[in-house]
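Chains as they are written, first to last, in this note's numbering: chain A, -4 to 109; chain B, 149 to 292.
Incorrect hints may appear among the rest.
[What the hints assert, rightly or not] Stretch by stretch, here's where chain A covers chain B in the computed footprint (C-beta under 8 Å, at least three residues):
#1 177 to 184
#2 246 to 256
[What the hints assert, rightly or not] With a Cα cut of at most 25 Å, we get these calculated PhoX-like pairs of lysine-lysine:
#3 B:K189 - A:K36
#4 B:K189 - A:K(-3)
#5 A:K95 - A:K69
#6 B:K225 - B:K278
#7 B:K179 - B:K225
#8 A:K(-1) - A:K69
#9 B:K278 - B:K176
#10 B:K225 - B:K265
#11 A:K69 - B:K278
#12 B:K265 - A:K36
#13 B:K278 - B:K179
#14 A:K(-1) - B:K264
#15 B:K278 - B:K189
#16 B:K176 - B:K265
#17 A:K69 - B:K265
#18 A:K36 - A:K(-3)
#19 B:K189 - B:K265
#20 B:K278 - A:K36
#21 B:K278 - B:K264
#22 B:K225 - B:K189
Since the hints were made in silico from the structure, they are not lab data.
Where is the CB? At the ideal position from N, CA and C, for every residue including glycine.
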Amino acid sequence: MKVKEIARLLDARIVCGQERADYSIDVAFASDLMSDVLTLKNDNVLLITGLANMQTIRTAEMSDIQCVVFARNKRVTPEMIDLAEDNDLVVLECRYSVFKTCGLLYEAGVEPIF
Amino acid sequence: MAERMQFEYNVDGGNFTRAGFASSEIKKILKKLNVDIGIVKRTVVATYEGEVNIVAHAYSGTIYVDIDTERIRINLKDEGPGIPDIDQAMEEGYSTASSQVREMGFGAGMGLPNMKKNADEMHITSEVDKGTEVEIVMFLNNKE
Ligand SMILES: Nc1ncnc2c1ncn2[C@@H]1O[C@H](COP(=O)(O)OP(=O)(O)OP(=O)(O)O)[C@@H](O)[C@H]1O
Ligand SMILES: [Mg+2]
């Protein structure tokens, strides 16, 4: 599923990487625990999280995650956007809860990792 | 490419805004050297876990990077409380992380085991009240 379709489905705002929203995501993972995200081996993972800080973006960078959805109106700071931009990430801000975000994506056919 | 390259980075304990800076620089270097992307990912994830451990658990540290045509060697050395029982620290789920560390999304007790999974070799030495040294080695030529 293309990132821009995901943004539409979630009624989410693309706050970084609009011009990269054309690529496709295979699988998604939801977690507020970066320790857990760092154990993933998959490529092309969409991360859904309620944890909005610099380490969320760093973790995405280290794990080669290219798209992060911040659920439940979590604010992305300018500093986070700068770092995301440096790493060619696409960042989405969404007002739905993590639960609803995951439900909509699952229903639309995005695959879980485990 | 030079036969051998060495770099070092300082890491401040407690400074979560900067945590990951060194690992990010290392990632850029490895990509520039055209290291296999799978090896880059394993190296960088392991290094980042180690860097976050210095930030989360120690006072200050240095990351030494040594790359030659055969292997990448990364040594994460810190001044800090040390680890009294390394076998216990290596167990999945064992953590002494503070609530501040947990709020940052860490402290699940998965970092050291994950470093071991990602590295080709890993060695830890530690002295209580002095510090900890974790070395990871990644081989560049023989694929597993
Ligand atoms: N550099 C270090 N200095 C002192 N203690 C450490 C250091 N690294 C790890 N430890 C100790 O080992 C424990 C386990 O480390 P590990 O990285 O596996 O988990 P964690 O850092 O607590 O959580 P996570 O890595 O999942 O975020 C830590 O909670 C801490 O007690
Ligand atoms: Mg850790």
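Here is how each hint holds up against the structure:
1. Figure legend: the stretch 177 to 184 of chain B, annotated as covered by chain A; annotation inconsistent (0 residues with Cβ-Cβ distances under 8 Å, at least 3 required).
2. Residue count for the stretch 246 to 256 of chain B with a Cβ under 8 Å from a Cβ of chain A: 5. That meets the three needed, and the coverage hint holds.
3. At roughly 9 Å between alpha-carbon atoms, B:K189 and A:K36 fall within 25 Å of each other, so this suggested pair holds.
4. Restraint check: the Cα-Cα separation between B:K189 and A:K(-3) comes to about 24 Å, which is no more than 25 Å; the hinted pair holds.
5. Between A:K95 and A:K69 the alpha-carbon distance is near 15 Å, which keeps this suggested pair within the 25 Å criterion.
6. Only pairs whose Cα atoms come within 25 Å are accepted, and B:K225 paired with B:K278 is accepted, the gap being roughly 11 Å.
7. For a cut-off of 25 Å, the pair hint linking B:K179 to B:K225 stands: about 24 Å separates their Cα positions.
8. Straight-line distance between C-alpha atoms of A:K(-1) and A:K69 comes to about 19 Å, which keeps the hinted pair within the 25 Å bound.
9. The hinted pair formed by B:K278 and B:K176 fails the criterion: a straight-line CA distance of about 32 Å is larger than 25 Å.
10. Taking the CA atoms of B:K225 and B:K265, the gap is near 20 Å; set against the 25 Å cutoff, the hint holds.
11. With a C-alpha separation of about 39 Å, the suggested pairing of A:K69 with B:K278 is violated against the 25 Å cut-off.
12. As the CA atoms of B:K265 and A:K36 are separated by approximately 11 Å, the hinted pair is consistent with the 25 Å bound.
13. Under the criterion of a C-alpha separation no larger than 25 Å, the hint pairing B:K278 with B:K179 is inconsistent with the structure, at around 34 Å.
14. In summary, the hint linking A:K(-1) to B:K264 is not supported, as the alpha carbons are separated by about 37 Å, beyond the 25 Å threshold.
15. For the hint pairing B:K278 with B:K189, the CA-to-CA distance comes to about 31 Å; that exceeds 25 Å, so the pair is violated.
16. Under the criterion of a C-alpha separation no larger than 25 Å, the hint pairing B:K176 with B:K265 is consistent with the structure, at around 22 Å.
17. For the given pair, A:K69 sits about 32 Å from B:K265 by alpha-carbon distance, which is inconsistent with the 25 Å threshold.
18. A C-alpha spacing of about 21 Å is found between A:K36 and A:K(-3), which places the hinted pair at or below 25 Å, so the restraint holds.
19. Straight-line distance between C-alpha atoms of B:K189 and B:K265 comes to about 12 Å, which keeps the hinted pair within the 25 Å bound.
20. Distance check on the hinted pair: B:K278 and A:K36 sit about 34 Å apart at the alpha-carbon level, beyond 25 Å; violated.
21. For a cut-off of 25 Å, the pair hint linking B:K278 to B:K264 stands: about 23 Å separates their Cα positions.
22. Restraint check for B:K225 and B:K189: the C-alpha separation of about 21 Å stays at or below 25 Å, so the hint holds.
Checked against the numbered hints given earlier, the structure breaks hints 1, 9, 11, 13, 14, 15, 17, 20 and satisfies all the rest.
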